[in-house]
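Undergrad: Letter by letter, the chains look like this.
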Amino acid sequence: MSLLGGLLVFLLFVQGGQSMLHSLSRKEDEKRLLVNALGRKWEYTFTTLVTFGGAFFASFPLFYSTSFGGAYWAWMILLFCFVLQAVSYEFQSKPGNIFGVRTYRMFLFINGLLGTFLLGVMVASFFTGSEFTVGKGNIAGLGTAGPVISQWQNPLHGLELLGNLRNLTLGFAVFFLARTLASLFFVNRLSHEVLEKRSRKFVLFNGLPFVVLFLIFLIWTLLAEGYAVDPATNVVSLEKMKYLHNFVEMPLVMALFLLGVAAVLYGIIHTVFSGSFKKGIWFSGAGTIVTVTMLLLVAGYNNTAFYPSSFDLQSSLTLQNSSSSEFTLSAMAVVSLFVPVVAAYIFYAWRALERRKLSLEDLNSDGHTY
Amino acid sequence: MDLLAASAVNWSRAQFALTAGYHWLFVPLTIGLALIMAIMESLYVKTGDEKWKIATKFWQKIFGINFAIGIATGIILEFQFGTNWSNYSWFVGDIFGAPLAIEGIFAFFMEATFVSIMFFGWNRVSKKMHLASTWLVFLGASLSAFWILVANAWMQYPIGMEFNPESVRNEMTDFWAVAFSPVAYNKFLHTTFSCWAVGAAFVVAISGWYLLKKRHADFAVKSMLIGSIVGLVAFVMLAVTGDGSAYHVAQKQPMKLAAMEGLYEGKEGAGLVAVGMLNPAKERYNDEADPYIFKIELPKLLSLLGYRNINAFVPGIVDIVDGGYTLPDGTTALSFQERRERGLTAIKALADYQVAKEEGRDADAANHETILRENYAHFGYGYLQTEEDLIPNVPLTFYSFHLMVMIGMYFILFFVVMLYFLYKRDMVKSRWLHYVALWSLPLAYIASELGWVVAEVGRQPWTIQDILPVQAASSAISSQNVITTFILFAVLFTGLLIAEVTIMVKQIRKGPDSEGLKA
Numbered sequence: 001m002s003l004l005g006g007l008l009v010f011l012l013f014v015q016g017g018q019s020m021l022h023s024l025s026r027k028e029d030e031k032r033l034l035v036n037a038l039g040r041k042w043e044y045t046f047t048t049l050v051t052f053g054g055a056f057f058a059s060f061p062l063f064y065s066t067s068f069g070g071a072y073w074a075w076m077i078l079l080f081c082f083v084l085q086a087v088s089y090e091f092q093s094k095p096g097n098i099f100g101v102r103t104y105r106m107f108l109f110i111n112g113l114l115g116t117f118l119l120g121v122m123v124a125s126f127f128t129g130s131e132f133t134v135g136k137g138n139i140a141g142l143g144t145a146g147p148v149i150s151q152w153q154n155p156l157h158g159l160e161l162l163g164n165l166r167n168l169t170l171g172f173a174v175f176f177l178a179r180t181l182a183s184l185f186f187v188n189r190l191s192h193e194v195l196e197k198r199s200r201k202f203v204l205f206n207g208l209p210f211v212v213l214f215l216i217f218l219i220w221t222l223l224a225e226g227y228a229v230d231p232a233t234n235v236v237s238l239e240k241m242k243y244l245h246n247f248v249e250m251p252l253v254m255a256l257f258l259l260g261v262a263a264v265l266y267g268i269i270h271t272v273f274s275g276s277f278k279k280g281i282w283f284s285g286a287g288t289i290v291t292v293t294m295l296l297l298v299a300g301y302n303n304t305a306f307y308p309s310s311f312d313l314q315s316s317l318t319l320q321n322s323s324s325s326e327f328t329l330s331a332m333a334v335v336s337l338f339v340p341v342v343a344a345y346i347f348y349a350w351r352a353l354e355r356r357k358l359s360l361e362d363l364n365s366d367g368h369t370y
Numbered sequence: 001m002d003l004l005a006a007s008a009v010n011w012s013r014a015q016f017a018l019t020a021g022y023h024w025l026f027v028p029l030t031i032g033l034a035l036i037m038a039i040m041e042s043l044y045v046k047t048g049d050e051k052w053k054i055a056t057k058f059w060q061k062i063f064g065i066n067f068a069i070g071i072a073t074g075i076i077l078e079f080q081f082g083t084n085w086s087n088y089s090w091f092v093g094d095i096f097g098a099p100l101a102i103e104g105i106f107a108f109f110m111e112a113t114f115v116s117i118m119f120f121g122w123n124r125v126s127k128k129m130h131l132a133s134t135w136l137v138f139l140g141a142s143l144s145a146f147w148i149l150v151a152n153a154w155m156q157y158p159i160g161m162e163f164n165p166e167s168v169r170n171e172m173t174d175f176w177a178v179a180f181s182p183v184a185y186n187k188f189l190h191t192t193f194s195c196w197a198v199g200a201a202f203v204v205a206i207s208g209w210y211l212l213k214k215r216h217a218d219f220a221v222k223s224m225l226i227g228s229i230v231g232l233v234a235f236v237m238l239a240v241t242g243d244g245s246a247y248h249v250a251q252k253q254p255m256k257l258a259a260m261e262g263l264y265e266g267k268e269g270a271g272l273v274a275v276g277m278l279n280p281a282k283e284r285y286n287d288e289a290d291p292y293i294f295k296i297e298l299p300k301l302l303s304l305l306g307y308r309n310i311n312a313f314v315p316g317i318v319d320i321v322d323g324g325y326t327l328p329d330g331t332t333a334l335s336f337q338e339r340r341e342r343g344l345t346a347i348k349a350l351a352d353y354q355v356a357k358e359e360g361r362d363a364d365a366a367n368h369e370t371i372l373r374e375n376y377a378h379f380g381y382g383y384l385q386t387e388e389d390l391i392p393n394v395p396l397t398f399y400s401f402h403l404m405v406m407i408g409m410y411f412i413l414f415f416v417v418m419l420y421f422l423y424k425r426d427m428v429k430s431r432w433l434h435y436v437a438l439w440s441l442p443l444a445y446i447a448s449e450l451g452w453v454v455a456e457v458g459r460q461p462w463t464i465q466d467i468l469p470v471q472a473a474s475s476a477i478s479s480q481n482v483i484t485t486f487i488l489f490a491v492l493f494t495g496l497l498i499a500e501v502t503i504m505v506k507q508i509r510k511g512p513d514s515e516g517l518k519a
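In order, the protein sequence lines correspond to chains A and B.
Quick note on this note's numbering: the first sequence kicks off at 1 and runs consecutively.
Quick note on this note's numbering: the second sequence kicks off at 1 and runs consecutively.
Hint data in this document are derived by calculation from the structure and do not stem from the laboratory.
Treat the hints with caution; some may be incorrect.
Straight-line Cα separation of at most 30 angstroms, BS3-like style, residue types lysine-lysine; simulated pairs [to be verified]:
id, chain 1, residue 1, chain 2, residue 2
1, A, 136, B, 53
2, A, 94, B, 295
3, B, 214, A, 41
4, A, 136, B, 348
5, B, 213, B, 429
6, B, 510, B, 429
7, B, 127, B, 282
8, A, 94, B, 252
9, B, 300, B, 510
10, B, 295, B, 252
11, B, 51, A, 94
12, A, 31, B, 213
13, B, 53, A, 41
14, A, 41, B, 506
15, B, 357, A, 94
16, A, 94, B, 222
17, B, 506, A, 31
18, B, 127, A, 94
19, B, 429, A, 94
20, A, 41, B, 252
21, A, 94, B, 506
22, B, 127, A, 41
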């Protein structure tokens, strides 16, 4: 699950790129090239999001129930802007699209901005907590709350998460990370001198705020209280510097986390300072996957409540109390054995289509353009 | 409070129906066109005839426009199980989530990966690899349909699970029973053939339009031929699998069958209504009014379809409410009130179990668990209040079912005529048939949507048959929230649908020899 989350954040580079369509390109044909470079990848982000949803449902149905049904508006807005994305690539340059190319690119921008930002906010809430209660007796008529087991206690239904400064910090950090990765992707993919140069600058412009914001979030979270679970009694309590303790108590996770961060930074810095280095996306991309994976492990492993309730500590969801039954998890484990096969054909397809870099000429000869 | 909650449930239902209805405008065409494209490209690779390649590329372009919007509406459906049906997700997520996850891993990635090769790979991979990619897009789309229908079939016929009172959810005990339940298998076939049918009707209709306009006659006739063969196979198979569906519904959801047929008083050797009109004056299930204004019946056919025996007893709505008839397994059917009593007993046992557990009285808890298990088959009835709660909307189910069947019969005849003219007569000159082909397209869409209306309206009030009704399945959100998202989605989807249709019309007007298709 954590790994899927990591992959998803990496693939957000598509969204990051969408948010820069206007600022990065000056001319229409440049814009078209950017759109098409991203357009050949958007299905991956989308598919990963869908799979992420499905896998979360299968492995942590109680999280699915609690978070989606509770933080209704946060998820609905997120979904809404992904709907906009799905049609925008295909529709924008087709005659008869009614709303005009500008509107569809605005849709892509909205998706680039809100899609990344809101996901960042949701991930941050894994550390900062949300306001919900879980009452398993509700469905059997115990209590007065009606039959629904998980109930959100804030009438804003998820929008209140935006009132937490730490959530916002990670939200913006993810937004700038996505833009940084997108710039690195363009440097790697495009054979277009002007755009490549500009993309290098954008790596710096976006990389810097990302690093600053991410460090603020990280240090803040490491020093803040975390949601600890007593392994014997399953009682949840607040523990000072819980997440720092998690890192210290899981040295492998810490090592990989630091390695991931180093790879992200290396990709950014090397691309900025060397005019010919084009492989930054591979370092920063892989680094992002590892870093996010480790961060999510820290949120849930080592007797920690991964989806904590700040309203009622004992309602917090932990890996133990919210995962699927052992039977379902083993069925899913068998299914995951096929993941390498899937990865292999994705790799094949990516290679087959990307052996040549993308230039303006290709757009006309490949038959299908956006 | 109760009233508000009821309205939130209904708005959540409306939102799901809206999304599913829109989703189903796009998906059948995606799957159907994928098959037709794959056949055309196979002919191109086999014969080397460039005309097949141009035809493939033209339909691929239409496919692309349609594909994106199908995905967009699909993602909303998946997440709505969480956002609007959170209790449902809690209660059965352990089983229901698995097919969705498998769909993502097996089907979506296959579809998304090979779609990109299909679109962008004409000059980048070999001919055979490209052909394989097109077939894999079709396979991926079909697999995706399979897993989502496994999930849907499980809601109609829950098996392979056990209730865990500790976690208050149903847990999977037999993966294969879920994945290959006879209901799922039949549902998959019936739905897949309906997708082929829509794809075929679409291709034939557009080809008919070209012939009317006297454009691209050769392309149009070629496309019509493939479309008509696929269409005839699809509709014949729809009839065969439809018979299978009726059988399963009779066994597992007798109330749905009764609603489909407007059957209030059950009988032995029941006939199938061929054409009929319901009596709007019938207000309650047990009032004196005759259910029909008129009907023409095919004698004994309903008993034969539902029970494979021309004299079998088919229970009507009144019988199912009152109980007392003999079930196929030899036991006597319970009445609604008896089942409700047992449902309430089960729910109370669950509450007692939880209190006992909390207070550490493990022996008591074990007793309550036993009571719960004995009555669990009726659990959902405990949430229903009156007999009326058990009965789906009869007119909607009845008319949807009969219209769907009539349209299906019409299309079998239609494709036979098409093939006759394609092989024995001059199709290019048969203008009346071009009109018929063009105007048959809306019928295919209507039938395909009606199929879902029958399946989903007919099973109300249940989200999971006998276990969880809609009233107990939704999220704890106020109706204002749901109304707002409903309106947002309605506006968005409608806007996108209009854009999609106009884009398609423009592409079709441009025709198969427009730029970018030749090469």
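Undergrad: Taking the hints in turn, state whether each one holds.
TA: Against the structure, the hints:
1. 136/A - 53/B: 59 angstroms, violated
2. 94/A - 295/B: The given pair, whose Cα atoms are some 50 angstroms apart, is violated under the 30 angstroms limit.
3. 214/B - 41/A: Not satisfied, since the Cα-Cα distance of roughly 40 angstroms exceeds 30 angstroms.
4. 136/A - 348/B: 13 angstroms, holds
5. 213/B - 429/B: 12 angstroms, holds
6. 510/B - 429/B: 23 angstroms, holds
7. 127/B - 282/B: 63 angstroms, violated
8. 94/A - 252/B: 48 angstroms, violated
9. 300/B - 510/B: Cα-Cα ~53 angstroms, so violated.
10. 295/B - 252/B: 26 angstroms, holds
11. 51/B - 94/A: 24 angstroms, holds
12. 31/A - 213/B: Distance of about 38 angstroms is beyond 30 angstroms: violated.
13. 53/B - 41/A: 25 angstroms, holds
14. 41/A - 506/B: Holds. Residue 41/A to residue 506/B sits at ~26 angstroms (cutoff 30 angstroms).
15. 357/B - 94/A: 63 angstroms, violated
16. 94/A - 222/B: Given pair residue 94/A, residue 222/B holds - Cα atoms ~26 angstroms apart, limit 30 angstroms.
17. 506/B - 31/A: 24 angstroms, holds
18. 127/B - 94/A: The hint holds at about 27 angstroms.
19. 429/B - 94/A: Outside the cut-off at roughly 33 angstroms; violated.
20. 41/A - 252/B: Not OK: residue 41/A and residue 252/B at ~44 angstroms, beyond 30 angstroms, violated.
21. 94/A - 506/B: Given that 30 angstroms is the threshold and the Cα spacing comes to 9 angstroms, the pair holds.
22. 127/B - 41/A: The hint holds at about 23 angstroms.
Violated hints, listed in ascending order, are 1, 2, 3, 7, 8, 9, 12, 15, 19, 20; each of the other numbered hints is respected by the structure.
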